[in-house]
Amino acid sequence: MQQSLRVFPSDVAFVPPTALVEQARTARRLPEPSPAFKSKADGLSLTIHGLRKSFGENEVLRGIDLHIPAGQFVAIVGRSGCGKSTLLRLIAGLETPTSGSIGFGEDPRAEDVRVMFQEPRLLPWATVSSNVEVGLGRQRSRSDAKVRAEQALAEVGLKEKRDQWPSVLSGGQKQRVALARALVSHPRVLAFDEPLGALDALTRISMQRLLERVWREQTFTAILVTHDVSEAVALADRVLVIEDGRIAHDVLIDIARPRQHGSADLAALEGSILGHLLSAGDDGADG
Amino acid sequence: MSLADTLPRRRVRRLPGADGVIPWILPVVILIVWQVACSTGYVPTRVLPAPSDVALAGWKSVQSGELIRNIWVSFWRATIGFLIGGSIGFAFGLANGLSQLSDKLTDTTLQMIRNVPHLALIPLVILWFGIDESAKLFLVALGVFFPIYLNTLHGIRTVDPQLIEMGRIYGMSSGELFRRIIFPGALPSIFVGVRFALGIMWLTLIVAETIAASSGLGYMAMQAREFMLIDVVVLSILIYALLGKLADSASRVLERLTLSWHPAFQKH
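Chains as they are written, first to last, in my numbering: chain A, 1 to 287; chain B, 1 to 268.
It is worth saying that the hints were derived from the structure and are not from the lab.
The C-beta atom is built at its ideal place from N, Cα and C for all residues, glycine as well.
Hints should not be assumed to be uniformly reliable.
What the hints assert, rightly or not - One side only, chain A facing chain B, incomplete, derived with CB under 10 Å:
hint, residue
1, Val115
2, Gly135
3, Leu136
Stated by the list, open to error - Have a look at the derived ranges for each label pair, beta carbon to beta carbon:
hint, chain 1, residue 1, chain 2, residue 2, range
4, B, Gly199, A, Asp107, 52 to 60 Å
5, B, Ser251, A, Asp107, 49 to 57 Å
6, A, Asp200, B, Gln162, 15 to 23 Å
Bound conformation, chain B alone (with noise of 0.2 Å):
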């Protein structure tokens, strides 16, 4: 016990509940500010539509079945784009830290695809795909494939060599010493690439959608540049905001769940 854990806790006061509110502020200032630069006519709506227009938009298209149809089109592609990508991903990131043959074999030009940047494929991708679904699941599958095997990689080649020995050393066999010690010990660093993946999944998704696409988020926020309602276009920008907090909630979900022994996860 060191000097510092003698001296009193600094005690922080915690209201109920407001850890769930406290992150919830910001946003919320800045729609009031929004909504009353708007309502005063500082910012012209043209430039800018109020909160309430843009909500009552968001209304208009629940209640035609438009926005929900967009929603649920662009979150399946984005699903099913990450699950392959990520699988890809993890597959090569597995095959490459625990094997030497397959490290020499594909790293290299894996790093080669890396480099060039997914979304310029996009030309190439229509003249092979047309604006099918399989374009745009080829385009996010692509974009989440490099951040996860990065990292998957990265966390296997990390995982501390003695606890190996260890295993090692206490009988395991490949698949325990795996299961047991390697893949746990990767784990957060696998986490840290399911993120920045989840970042890049909506990201190419939106950019294909708005490039190629007849229906999704994009589609529309395209659609509506094209008629002039601005409200809309501001509308699909919320939606997407939502959205990738949403998924980033979701991961974080699962890296609590699944990284309770870590001390960044436990709760003081």
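The following block holds chain A by itself, in its conformation from the complex (with noise of 0.2 Å):
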């Protein structure tokens, strides 16, 4: 699945601003681990150059390019058609290029990138702990593998359903089993396409507060496709606007954490990204 993904050298960090991208400058990097504790688990930065992407005559993404550090968390928003869970395809390999490259920082495992998708997609037939099994790659069938679905499910808080089928939890917990499955290999890079989309309110948020503590704990990228601005406020360092297949707004949220669901900086901010989607909105420019 990697292969079709070039490998940029590490030391190309930037991408040269252009007219296309309102502002390409580098995103606050998060403070990196001092390099005793540095693990194989720690992030992958990435590095999109040029990236356009047609289904036919549809040309959903027009030219991207894109500096992502590593450990960032960036939320991508955007109106519904506008290319932004394309983008995400791209990213995770589930969709090859027309033009342009991925690069990551450094040369990917096929367990570096995982995926969490709307649906929960786990297997009816398979325990909940088999599930997450599913989630080690090729190392599946090592006998590690138990010990390490169990670590990731009491990560998220489930370890106690371990022998239970899929069909007897609830979506949220469904949800959480799909986190896990997606943490157990330690992904360096974790793409979230709408991952909340299909919970209700309260459990959004408890979900929420899970996904920023499993990020801080284990500082992989993060990269989270949603339609709602006040998750990505919430959870990302930085928020990319996406309008007609071209990034046309990069945020940063420069708010300490934890943060106050609905605290007035959230808000303004959240305002503003709203704000930016509904003119663009207005001049019928919607997908």
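If you follow the hints, you should be able to join the two separate chains into one complex; please do so.
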């Protein structure tokens, strides 16, 4: 899957600003953990260059240039049909670009890039813990698979459900199992495709806290596609607004964590991003 | 949790062992009514013998060893025919579900053959195989083939493509994809095919045995008709009913064992 992605040398650290990108400023790097603690599970940086994707006549992405530093939490928002999910699928290697390139800071192993979808996509005929073991990729036949699956389940607070069938879990629990499956291989890039879109409001908030917690603990690079701007500003270091297949705005969310749900700062940011989105929609750019 | 979940559940009162008994109440009542109708002379025994007479006929043929031998012969034919037809149907279902080339190559032909009532082939089969074992096996296998083929194919085609995509993302090889996702996903549909096939298996076998055989349950019934032994005819029919029920129960047990993950098979 990763063969199609060209790998940049890690010293190519920025993308030259173009007319298409309003701000190509390199976003604030997170405080790097000291080298002694640097484990394999640290995030990978991501550099996207001139990325285009067409489905037949329909050009969905029209030139994306983007650099995501290792360990950053990036949210991608936009109207439906703006190409945000396509961008995510390209990053995850589920689609091949029409032109342009996506490079990771280092050559990723297959287990380094994981995706979590809006639907949990659990195997109904496998127990919760076997579902999590699927996430180990080629290592799932190793003897420590069970232990690792249990650790991942403990991380999302579902250890006691390990022998259950997925059909008895609630929607939020299923999504937590899917998160455990994505986490079990200790990925370095985790792509979320509206993972909380189908959950009720309270479950969403507790899932957002869970996502933030595991991201802080495991320090992977997180890319979250969402249509919920408040979710984007609550979770992300940086919000990318995609319009018409291009990055229209690149907003840094420089608010200390843990963030207070509904705080004035977040609300102001949310309002300004929503303003961008809505004004673009009035130009008839609705997708 | 919805509002409905907060309501107190209607408690179903259960007698110990009642679940096993209830399904048999109706057959037993029918037997009793039948016996009474015959004993009082309401139904002449030349039209329908009393259950007690049928039981007596059964006992006699058990003693002579004839009944057991005939049941055994029929059972053997049914099993072998089912295994042959079922495995060919399963193989074609897999091949056509997984490979477009195979599907294009064979599906049209199979659909044409499917629309020929397989019992219409009996004259031809007798010409080909005589009244040998192979004639019956051929017919049973042909009858069993299609339900298993169609349902296996349907099962494989309707496996959730999102799960297959998930499996690919998590690095499953084709073999693993089949073993962990495609086959378990197709299994409920395959079982539907098996249960259809079991019904067709008995039907085909009995018809084939009444027309062209020198042993077996169908043959026993035909012989009895020749000699006006109506109690033996009724006995054979009752045995078909029991064997059919037995085959269905066996497939249910298998279903319950392999589909325990399925919400429809979970005990509440």
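Which of the numbered hints above does this structure break?
none
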